[in-house]
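> Sequence:
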Amino acid sequence: MSIRAWAACLIVLAASGAPASAQQQAAGADDILSHVISVPNPRAYRVDGTQNGASSSVRSDGSVQGGKALRVQVPGRSAQTWETAVSVPINRAVHSGDHLVLAFWARLEQGENGATSASLPYNSVQLSTAPYTALFSGPVTITPQWQMFEIDGQANRDYAADALNVSIHLATGHQTIDIGPVFVLDMGQ
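Just so we're aligned: 111 in my numbering is position 78 of the sequence shown, and the numbers increase by one with no gaps anywhere.
FYI, nobody ran anything at the bench for these hints, they're computed from the structure. A couple of the hints might just be wrong.
Between beta-carbon pairs, the in silico distance windows are [unchecked claim]:
hint, residue 1, residue 2, range
1, 187, 76, 25 to 31 Å
2, 76, 185, 38 to 44 Å
3, 86, 190, 34 to 40 Å
4, 166, 146, 24 to 30 Å
Quick caveat: nothing in here was measured; it's all calculated off a predicted structure. Heads up, the beta-carbon is just placed ideally off N, CA and C, and yes, glycines get one too.
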């Protein structure tokens, strides 16, 4: 089950007056939290590319889940989109065959030459050290509105805690991008 489905279930239960007790609703929220294997706090993210002129800061933003976002000023387009990237730690082990869900909030604060959308071609769960091989990845298109994106994949073998991370490549233009909470959920077999 995806994070959207879990969140939708919890919202529907809370809003519908369904016969679920508050304790059952809290148990549902606790259950989804037990699947989070990443560090969803923007203060824990690393920005790669500062040697190329990228800069970043954590800012308050009440319109995104959690109220905090990492704002990244990308100096320009590069043929190697990883030249400016956000890295998010995954601090729990993953087992072969586990279904993983990468879900993250993102928006375009300022696009290149006034663009109102930007492509982020590589958003992945990957090895945290060279050769940085991706378990899975997918592209997204961001706009000025906060959106949650979701990319699913499967672990091809066992990985120790800290052997994986999330990588979001940003060097697709001279632009400012906000990254909110980034979640990786391990939904098991």
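> Are the hints correct? Go through all of them and say.
Going down the list of hints, with the structure as the test:
1. 187 x 76: 25 to 31 Å: Distance hint for residue 187, residue 76 holds at roughly 30 Å.
2. 76 x 185: 38 to 44 Å: violated (27 Å)
3. 86 x 190: 34 to 40 Å: With Cβ atoms ~37 Å apart, the hint holds.
4. 166 x 146: 24 to 30 Å: Check failed, 34 Å falls outside 24 to 30 Å.
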